[in-house]
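A.B. asks: Sequence:
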Amino acid sequence: MFAFLLVALVSAANYGIDVSQPTSTSSFTCLRNNGFTTMVIVRAWKSTGSFDSNCVQTLKNANAAGFTIKNSDAYFYPCISCGDAAGQVSTFWSKVISNKLQIERVWFDIEGTWTSSVTSNRNFFEAMVNKAINMNIKYGIYASKNYWSSIMGSYTFSHASSVPLWYPHYDNSASFSDFSAFGGWSSPSMKQYRGDVSTCSAGVDYNYKP
Numbered sequence: 027m028f029a030f031l032l033v034a035l036v037s038a039a040n041y042g043i044d045v046s047q048p049t050s051t052s053s054f055t056c057l058r059n060n061g062f063t064t065m066v067i068v069r070a071w072k073s074t075g076s077f078d079s080n081c082v083q084t085l086k087n088a089n090a091a092g093f094t095i096k097n098s099d100a101y102f103y104p105c106i107s108c109g110d111a112a113g114q115v116s117t118f119w120s121k122v123i124s125n126k127l128q129i130e131r132v133w134f135d136i137e138g139t140w141t142s143s144v145t146s147n148r149n150f151f152e153a154m155v156n157k158a159i160n161m162n163i164k165y166g167i168y169a170s171k172n173y174w175s176s177i178m179g180s181y182t183f184s185h186a187s188s189v190p191l192w193y194p195h196y197d198n199s200a201s202f203s204d205f206s207a208f209g210g211w212s213s214p215s216m217k218q219y220r221g222d223v224s225t226c227s228a229g230v231d232y233n234y235k236p
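Here the sequence shown is numbered in the numbering used here, starting from 27 and rising by one per residue.
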């Protein structure tokens with residue numbers, strides 16, 4: 027009875043997952059049966075500055091399990107030391123096209139170790155985003171308040187009002203009650219509320235989207 031109630035509660039909310047490793051159709055089916063049906067987000071660009079070829083089959087598996095293209099996104103973890111932010115976006119998008127990757131949105135991942143210069147970091151970020159805009163790529167930003175301030179300083183993103191924010195806070199709470207404005211965003215679109223979960227024979231992060 028408890029398991030049934032848990033699944034019912036999860037299904038009533040808007041829950042999804044993101045993955046960085048190859049994930050099977052059976053794992054996605056299991057996750058969907060446990061209420062994680064709102065979205066799937068796969069890693070498509072690695073911090074080494076290369077396309078994650080695993081994402082192609084992983085997305086096909088997610089689609090086979092019932093995730094529609096409208097509910098399928100990818101995330102882009104930039105290689106800061108590689109430089110050429112615009113070039114990375116361009117190469118990434120050519121891979122998306124050549125592999126016929128069907129996604130709704132790309133999330134630019136702003137975390138980890140960048141340079142010690144907030145000016146350089148801002149320039150890299152703007153070059154990355156501007157290239158996405160020029161290529162008509164539908165995108166969003168993944169960032170926490172702490173990472174944003176350490177990487178970007180007091181920088182306010184000029185497009186924040188029209189670009190969705192996905193933020194991480196591992197408090198195991200599917201709500202935005204913990205959110206504090208930063209970077210130009212007064213409210214988020216999605217929250218990663220639990221990370222590195224092993225379930226349904228897969229490694230996933232849990233996400234909430236109202």
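To be clear, the hints were calculated from the coordinates, so they are not data collected in a lab. Given the structure is predicted, the values throughout are model-derived calculations rather than measurements. Backbone N, C-alpha and C fix where the C-beta goes; we use that ideal spot for every residue, glycine too. Take these hints with a grain of salt, some might be off.
[To be verified] With a cut-off of at most 30 Å between alpha-carbon atoms, the simulated DSSO-like pairs for lysine-lysine come out as follows: (1) K126 / K96; (2) K126 / K157; (3) K72 / K171; (4) K96 / K121; (5) K157 / K96; (6) K72 / K121; (7) K72 / K164; (8) K86 / K121; (9) K86 / K96; (10) K96 / K72; (11) K171 / K126; (12) K126 / K164; (13) K164 / K86; (14) K157 / K86; (15) K86 / K126; (16) K86 / K235; (17) K157 / K72; (18) K171 / K86.
[Said to hold, decoys possible] Derived DEER-like restraints, expressed as beta-carbon distance ranges: (19) G92 / S176: 19 to 27 Å; (20) N162 / S79: 20 to 28 Å; (21) E152 / S227: 39 to 47 Å; (22) N149 / N172: 18 to 26 Å; (23) K164 / T225: 24 to 32 Å; (24) P236 / K164: 14 to 22 Å.
A.B. asks: Hints first: check each against the structure and report whether it holds.
C.D. replies: Here is how each hint holds up against the structure:
no. : hint                    : in the structure
1   : K126 / K96              : holds, 15 Å
2   : K126 / K157             : holds, 20 Å
3   : K72 / K171              : holds, 22 Å
4   : K96 / K121              : holds, 20 Å
5   : K157 / K96              : holds, 23 Å
6   : K72 / K121              : holds, 13 Å
7   : K72 / K164              : holds, 19 Å
8   : K86 / K121              : holds, 16 Å
9   : K86 / K96               : holds, 13 Å
10  : K96 / K72               : holds, 23 Å
11  : K171 / K126             : violated, 34 Å
12  : K126 / K164             : holds, 16 Å
13  : K164 / K86              : holds, 20 Å
14  : K157 / K86              : holds, 27 Å
15  : K86 / K126              : holds, 11 Å
16  : K86 / K235              : holds, 23 Å
17  : K157 / K72              : holds, 18 Å
18  : K171 / K86              : violated, 33 Å
19  : G92 / S176: 19 to 27 Å  : violated, 39 Å
20  : N162 / S79: 20 to 28 Å  : holds, 24 Å
21  : E152 / S227: 39 to 47 Å : holds, 40 Å
22  : N149 / N172: 18 to 26 Å : holds, 21 Å
23  : K164 / T225: 24 to 32 Å : holds, 29 Å
24  : P236 / K164: 14 to 22 Å : holds, 20 Å
Comparing the model with each numbered hint stated earlier shows that hints 11, 18, 19 do not hold.
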